[in-house]
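Enquirer: Read off the chains here:
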Amino acid sequence: MRASRNLWLGGLLTAVFSLAAVISFAWVPYDVTKLDIGAKLLSPSWAHPLGTDHFGRDILSMIMVGARTSIAVAIVAVGIGIVLGVPLGLAAAARKGSLMDEVIMRGNDLIFAFPSLLIAIMITAVFGASAVNAIIAIGIFNIPVFARLVRGAALSLWTRDYVLAARVSGKGPVRISAEHILPNVTNLLIVQGTIQFSLGILAEAALSYVGLGAQPPLPSWGRMLADAQTMFSFKPHLAIFPGLAILLTVLGLNLMGDGLRDLLDPRLRRAQR
Amino acid sequence: MSLLEIEGLDLAIHGTPILKDVSMQLEAGRILGIIGESGSGKSMTALAVMQLLPEGATARGTVRLNGHDMLALPEAKLCALRGNEVGMVFQEPMTALNPIQPIGRQVAETILVHESVSRREAMARAREALNRCELPEERFPMSRYPHELSGGQRQRVVIAMAIALRPKLLIADEPTTALDVTTQAEVLRLLKRLVQEDGMGLMLITHDLAVVSDMADEIVIMREGEIVEAGPCPGIFSTMSHPYSLGLLEASDHQPERSAATAEAPLLEVREVIRDYPLPRRALWGERDHFRAVDGVSFEIRRGESLGLVGESGCGKSTLTRAILGLEAVQGGEILLGGAPVFSGKRPNRAVRRKMHVVFQDPYGSFNPRWKVGPLVAEPFHLMDTPPYGEARDAAISEALESVGLSAEDAEKYIHEFSGGQRQRIAIARALIIKPELIILDEAVSALDVSIRAQILDLLADLGKRFGLTFLFISHDLSVVRNVTDRCMVMKSGRIVEEGETAEIFEAPQHDYTKELIAAVPQLPEARRA
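Sequence lines, in order, name chains A and B. Each step along the first sequence adds one to the number in my numbering, with nothing skipped, and position 61 is 61. Each step along the second sequence adds one to the number in my numbering, with nothing skipped, and position 520 is 1520.
Hints are computed from structural coordinates only; laboratory data are not their basis. From the three backbone atoms N, C-alpha and C, an ideal C-beta is built for every residue, glycine too. Do not take every clue at face value.
Claimed, not checked - On the chain B side, residues computed to face chain A include the following (Cβ under 10 Å):
1. Arg1354
2. Val1359
3. Gln1361
4. Arg1370
5. Trp1371
6. Glu1379
7. Leu1383
8. Ala1427
9. Arg1430
10. Ala1431
Said to hold, decoys possible - Below, a list of computed lysine to aspartate or glutamate pairs in the EDC-like style, where the Cα atoms sit at most 16 Å apart:
11. A/Lys171 x B/Glu1328
12. A/Lys96 x B/Glu1328
13. B/Lys1515 x B/Asp1477
14. B/Lys1372 x B/Glu1417
15. A/Lys171 x B/Asp1385
16. B/Lys1435 x B/Asp1385
17. B/Lys1372 x A/Glu102
To be verified - Here are some chain A residues the structure puts well away from chain B; computed CB gaps all over 10 Å:
18. Val83
19. Lys96
20. Val103
21. Ser116
22. Met122
23. Asp161
24. Leu164
25. Val174
26. Ile195
27. Ala206
28. Ala239
Put together the whole structure using the sequences plus the hints.
Expert: Structural data, given as structure tokens:
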């Protein structure tokens, strides 16, 4: 097993942004809650490597703290998807064709049928704009993704002889799902989790862009873009740096997901050579 | 000049030697049988002829096909030769065809790749190739899709693709291994006829000595990349001298020593069992049809007996196995083990299920790849009310592993560290650990090499003696059933058509289907018995 170039590049990009988020807890170049009107709208310089915004806040510090928000929202949202979606998928596969299978899968279809961002906007509009509500909204849309993935993979695993042997040994569907099915779908979960993670970051940026994500004074990449919109023509750096942060993180996670898939999926391993 | 000449062929993949000094010849219109077990290099020899070697392979020596030096030709020339002068038939007809293309187009495709003819003409020639492979137009129009055909019919399509351009050499790599005996006999007859009609050379690769002994003009026996014995057939069977080939010959008709201690009391009683599967509704409110997979089957196995159940794919033997194991409820009749029902009410009966276990066919699919051998073997403990734990559990695992000829340390290894034969031993250890009375062997030796199969059969016979086990031996392979069972049943379309003492059934079959099955089994020539 050899890690591909994609995996290295993706892992590196992801590591850089994760590191920035972690460092921001201990140290940032400038306090992001302090305004310094005298230093507003500065172009990149040695004092402010990425420049300052219209309140004189340091963009580098804001991106570092914003990474924190993005990553936290994405982790919890993917977590919701896995914690609720995986058991649902396992249950549907264990009782294939039953009423429970139908209810679970049609419920998934229902969630899939709505444009995710629209519902997220609705949820945040009804329950108030906050990071927590954004997490819940994004998380709900991760549930059917994982449920479907797990059901599909589990269905083929249920036909294996070792599952039959476990049934002969008197094990019930819950036990077989936990002992035999789940360990054999973890590879898929890791890969899909990485991809959903990047989609979560994008969704968080989109929600905070329309003002429905994390609220000020907590910086977020999406709102930085929104704030930069009116000044884009004469201060492009305001939009370019947060935009690049989103782009590179999402790209990194996607590359990592692809690389992990190549590494973990034995069916692709041969074709890769 | 011979059609195919291989001389002193050495092959190494990433420096690991695969073939050592392999030489053979094949004349036009003749059949060359290459025999060997897995890892013997027989398939690699075929791939070397086609120059379809895996990456990192380096070949030395000469491979001369119809005057072309195959090792020296550039890739473009090789592409022109493949399919045109050499055709190939693989083992698995399920995966050799494209599932989303009709069969006519797939056969025509080979013609279009090699010759600049119109699509209409290619289709006409494809039709002709299919006809020659006994797929007549009335029953098999070109618009059929692979999923509408049976395994044997698909293999005929694959053969039609291979012979559409009338190649000079046809390579068939285990062409009948995945097929039922009667289908196997038909496909072998077809291959033989095509060889005679077209005067092409056939390289028939197989692990089964009996298959080639009926067909081949010359036989080559390979082991670990080397040729151990070669000669004309059937003469070779009386002149064979290498211990490996003699061992192979013995193993392919191996008769394990068994004790004949059977009690009168029945252990398993199956009475008028019916198993229906619902078919999809034709109309929304229409009546639901049923497919009767097992239709009023009754039999019993006496304690200590070994009973064979023979039938071809789709006859209902697997469905019956599942019903006996208590995995599925039956729609009629009853199944009793030791006098108690396997399935009581809506739930399988744990106390009864404890008395039996099963060994499956596929040594590779029978184990969760993420578990170590110890927990895998200990899995049936789940059926016990008070399963042993701690040291008692480890001791039981060691005992089970040692009783099948493995060591206690193997419990700490993962399943991928074992070969197919060793895995089947582990599967037997798993079945033995709860000390059952009945072991169901569902094609348990069908996927194994003959010499390994002989070892496993010996092991089963030995275990039967030591633990007083009763066996239900389910197989499509009559030669295995013949050597290891006391009584035997033949199943067709969900019914038992014949039942009796194994020796009697094989010597004087009563039912037409049994006669057909027995006649279809390839036989080794008598010479070897001397």
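Enquirer: Among all the numbered hints in the text so far, which are the ones the structure does not match?
Expert: 17, 23 and 24
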